[in-house]
Amino acid sequence: MYSYNRYDRALVQARVQQFRDQVSRRLSGKLSEEEFLPLRLQNGVYLQRHAYMLRVAIPYGTLSSEQLRTLAEVADRYDRGYGHFTTRQNIQFNWLELEQVPDILQLLADQEMHAIQTSGNCVRNITTEAFAGVAADELIDPRPLAEIMRQWSTANPEFLFLPRKFKIAISSSENDRAAVRAHDIGLYLYRGKSGEHRLRVLVGGGLGRTPVLSQVIREELPWQHLLTYVEAILRVYNRHGRRDNKYKARIKILLRSLGVEAFAREVEAEWALIRDGAGELTREEYERVARDFGPPAYESLDTADMAYGRHLTLSADFARWVETNTHAHKVSGYASVVVSTKAGEGAPPGDLDSDQMRGVAHLADVYGFGEIRVAHEQNLVLPDIRKRDLYMLWQALAELKLATPNIGLLTDVIACPGGDYCSLANTRSLPVAAAIQQRFRDLDLLHDLGSLSLNISGCMNACGHHHIGNIGILGVNKNDEEFFQLTIGGQKGRNSKLGKVIGPAFRAEEVPEAIERLLEAYRQLRETDETFADTVQRVGIGPFRETVYARESVVAGGVS
Amino acid sequence: MKNVITLKNGSPEHDPSDPWVLLEAGADVMGSDTPIILPFAHWLEHSQARAPDPRQGVLLGPDEDPLRLVPAVSHLPLIALQFPDFRDGRAYSQANLLRLRYGFRGDLRAVGDVLRDQLLLMRHCGFSSFAIREDKPVLDALEGLRGFDEVYARSVANPVPRYRRQSLKPNAHRVSGTD
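Order-wise, the sequence lines are chains A and B.
Its first residue numbered 0, the first sequence is counted upward by one per residue in numbering that gives the first Met the number 0.
Its first residue numbered 0, the second sequence is counted upward by one per residue in numbering that gives the first Met the number 0.
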């Protein structure tokens, strides 16, 4: 993984000093809250319902075991012993005092981590998929370009006061596991005809109250032009994006008002004037960064391992976990392991306590190369595990309550922190997640239901990405009462789709029953091996709606 | 203007005797000896009627296109860019264009909601003077231009991005690239 050079270190250290000074000026009253607000946001600090929250960047989801231990230390010393991993490869600590934040940032900076631009109207953490560099279906390792963009966007003076937040994701696999199409800029990296690196550039994705999937504005962009092209997009946006209404300020609204062709023309015209200057990326720089992402010292292993095969035959539980929680690796004899944070009740999606963090860090050292990834789905990944070690690792993870075999299944719920923490949320998403996980504990049933994503957002800001869940749940508040609206048919990845609302919303306690009927409908309607998403695609939402609202015992809440 | 910080040979100084006066929209220009900064619409009217005047600068609002200043860029002594709110970042891009694309060499001044914690960004984007918001202590604001001030990306102040600069690679004997 990327290790900081002298300059990278100096920058994060200087940033800690700068923020320490700003905090002390805020505390002494020299800075008003209004003046301080964007400064603290650009350093990851939110004021939440109960306390300050710090969102720490995990650039493109890559962590060393030492860094994970540092996060555990932050959780113990400053929070209540746990942290929350988000859908954009960040970790959030929820119970902080403002005065403590500079010390936390110092701890992070000493381990080459930061919280820079994890919030605010600027370019946020650059994300990619958790299996970058190791996935069997990967075309090109996206991490060097992600790191290059991280550097380029960090403290970029022209683009720190954009009309609104700005999210960039890059993916380079057959399957997009980075929700690229839900980003302001989405990049697909691929090989051109003669093997050279090319980019497909998509713009204007974003969920929130106006969910939109991004559209292609450029094909076959040579990699050397990545930074100037992104610069051109951002300059057009910075100059012309709306600033009069925060709900119409994302780039997707500009794209919609200009139309995709006119927007692309603006970008191309701007880019034509800057493309061949000093902003062009050099091969030397690409190689300098890429060197840090070179493959670790893999052993030369057989695809089949005798002991591993025996464990698979003897233990159905192990075999089931391997089936759902491991991912094909590009190197023979290895697998990537997904560490499920979704053990069910008492384990909110994405939460890990400090013992679990240290436990995973230890396992990464013992069985891997000391590296951990954070997935969009709020799970962790151990990217490089010898298949012959999987059985031992499985047992160790089970002791940490991190081996629930539910990756990609219904209970692998993506959820925002909701009203229990967030000051924007108007409903509590976590109790709904817990109730669903409680209701669907039967592993045989879960496996029978197969691949199914369920996303919960506590409000229309859509941090739980409910629009692109196969089943989406959106919390809405009416007359101070919480209701939950169901959408189905959403999909992420290359064939992203926005889900459709199936009917009137439900009270929290009715949601598990409604989901159950939805799944009942699916089991009746599906054809052999057809996933939930495919069934919805084939038959439409009508038959599902009929089943869900058929009986009178479910009294719909009357909010649509 | 009061509360002005200017870059003199690159280093920031408070200039208590800054002569420029920001003209209110609609006020009378005639008969004034002091250098004045005219709102863009006002300036447009006057610049066409008269020869270039070293005592006349122009104030550009955030939604006005700097492209329209191009005919006058070579002789304008001062262009002021407006920050109606410090969270409105359009002037950073305008500054970049005026300096790098349109070749403006005169004084580029930040006016409006100009605060200590954004001065470094402004300097990077090519501003050369800063009219600090009048209720703020100017000497305190000077601190905003001290300290660590390097970024990865290229900027007006650092036209070559970090990775193309020799200092990053002390052992490299050549700088690759096409610039």
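Treat the hints with caution; some may be incorrect.
In silico DSSO-like pairs for lysine-lysine, Cα to Cα no more than 30 Å straight-line [as the list claims (entries may be wrong)]:
id	chain 1	residue 1	chain 2	residue 2
1	B	LYS135	B	LYS1
2	A	LYS329	A	LYS247
3	A	LYS164	B	LYS1
4	A	LYS329	A	LYS29
5	A	LYS29	B	LYS7
6	A	LYS164	A	LYS499
7	A	LYS499	A	LYS245
8	A	LYS192	A	LYS29
9	A	LYS329	A	LYS192
10	B	LYS1	A	LYS247
11	A	LYS192	A	LYS164
12	A	LYS29	B	LYS135
13	A	LYS247	A	LYS164
14	B	LYS135	A	LYS245
15	A	LYS477	A	LYS499
Read the hints as simulated data drawn from the structure, not as lab findings.
Structure-based check of each hint:
no.: 1; hint: LYS135/B <-> LYS1/B; result: holds (11 Å)
no.: 2; hint: LYS329/A <-> LYS247/A; result: violated (43 Å)
no.: 3; hint: LYS164/A <-> LYS1/B; result: violated (34 Å)
no.: 4; hint: LYS329/A <-> LYS29/A; result: violated (55 Å)
no.: 5; hint: LYS29/A <-> LYS7/B; result: holds (27 Å)
no.: 6; hint: LYS164/A <-> LYS499/A; result: holds (26 Å)
no.: 7; hint: LYS499/A <-> LYS245/A; result: holds (25 Å)
no.: 8; hint: LYS192/A <-> LYS29/A; result: violated (59 Å)
no.: 9; hint: LYS329/A <-> LYS192/A; result: holds (22 Å)
no.: 10; hint: LYS1/B <-> LYS247/A; result: violated (37 Å)
no.: 11; hint: LYS192/A <-> LYS164/A; result: violated (35 Å)
no.: 12; hint: LYS29/A <-> LYS135/B; result: holds (10 Å)
no.: 13; hint: LYS247/A <-> LYS164/A; result: holds (12 Å)
no.: 14; hint: LYS135/B <-> LYS245/A; result: holds (28 Å)
no.: 15; hint: LYS477/A <-> LYS499/A; result: holds (20 Å)
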